[in-house]
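Using the sequences plus the hints, can you model the full thing?
Residue numbers (the working numbering), protein chains in the order written: chain A, 11 to 280; chain B, -14 to 154.
Keep in mind that the hints were calculated from the coordinates and are not lab data.
Ideal Cβ placement from N, Cα and C applies to all residues, glycine included.
Certain hints may be false.
Unchecked claim - Simulated restraints, written as ranges between beta carbons of each label pair:
#	chain 1	residue 1	chain 2	residue 2	range
1	A	K59	B	G71	24 to 30 Å
2	A	K59	B	V4	41 to 47 Å
3	A	A33	B	T(-7)	26 to 32 Å
4	A	A33	B	N7	39 to 45 Å
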Amino acid sequence: MPRRNSTLNTVISVAVFIVLEAAALVMLSRNDSLQKVWISRAGHAIMGKVWGSTQAVGRYFSLSSANRQLAIENQELLSRLLEAEEKLRRVKVDSMSFPVNQGFSLIPAEVVKISRGKQHNYIILNRGFEDGVQDKSGVITACGVVGVVDAVSRHHSFVFSFQNSEVSISARLGDEGSNGILVWDGVSSNGAILKEVPLQYRHHQGDTVYTSGHSIMFPPDIPIGIVGDSKIVNGATNEISVSLFQDFKALRYVSIVHNNSLDEIEDLQP
Amino acid sequence: MRKSSFWTVYLMLTLFQLVLSNYGSFSPYVTISILPVMALCIPTRIKTPVAMIVAFATGLVVDWLSEGVLGLNAFALVPVALLRDGIIRAVFGSGLFARKEDFSIAKNGLSYVAFAVSMAQAMFLVLYIWADGAGTRPFGFNAARFGASLVVSFIAAMLSVNALSPSDR
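Structure representation (structure tokens):
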């Protein structure tokens, strides 16, 4: 009972205190312009904090839809970039009177499941053959290469992640440099190795590595990572470590790349 | 001194504070106020909400009848009344409240009373100077004003405390 009385007294004291201080502040603000500005500024600061916090909470809960929207916009931009690069290539190739390929189309997808701690990592995407996905399609993001579609069901695709020791892609050093084979280093989440780079090609730490375009699965000129250390292997080629742009731990939205000339190219192959 | 005489002394000290506020402003660095010690010496039998209302009214009267800004003394004095209970318990122990006694220099010693008074004065002056400057005065000025005001107000408060808390009350 005494504790209850004590709590009640405290509540009453605090309430009276707030009322009296509020009254004093109102009087201060009405009687002196300096204090009026001061109190009004303090009020705005408090309201800013309160409303800022509630907005931050609201934004946190709407992050998922914002991410989805960003992924769609990203995919749209990537698509336009590829289209523009394709047009540029056509201009160059047309002037040399060679036939041109028909470019790539993109299908946006979301990662349903991803494995990272193994040597043979995989990704499952929420797009299948009903969405137009075909096997042997590449999977990319704006930050680089993600993997290769290995199998497709009605609504899902099974992708060999780039972090899979069986996956290798053709990559190019810098804008005009040599091509090599890029594979996962098998250890780190953002490490790769560019193999079989001829010794005569010079490179520097910090150079960008791009997709070469020699693969039928990936469009050329997608930035993949940055050159790190290198070493000579068997006295014949360079082996260069690459730090990937793509963070696989944060992978959520991707684009499935389909080569529109794939059937034609495969028909030509023996 | 009879118990009812506290309020007479309180009223007289309020008038004295009015004189101080109107004629005691000899430097922008010094603010003399005995209002905090008056709030601190409100008898322990008076509950905190009532003490706050008394402090608020006293502050308003001083603001209104002196050249101050209305609400300034009230704003700084109400928190002292809110924490009066806590200061007394912290410095003199809870026994005073249990016995419904008030503190005094003769009963509790000069050092304890001086410590409690300086806490109340400091709290009041921090709020008063902060609100009076309204964020426009530099920190150095406010700090110097606080130091000088605390010294002068403390002396005035210690002279008043014996009138407010005589040993026989």
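Here is how each hint holds up against the structure:
| no. | hint | result |
| --- | --- | --- |
| 1 | A:K59 with B:G71: 24 to 30 Å | holds (28 Å) |
| 2 | A:K59 with B:V4: 41 to 47 Å | holds (43 Å) |
| 3 | A:A33 with B:T(-7): 26 to 32 Å | holds (27 Å) |
| 4 | A:A33 with B:N7: 39 to 45 Å | violated (24 Å) |
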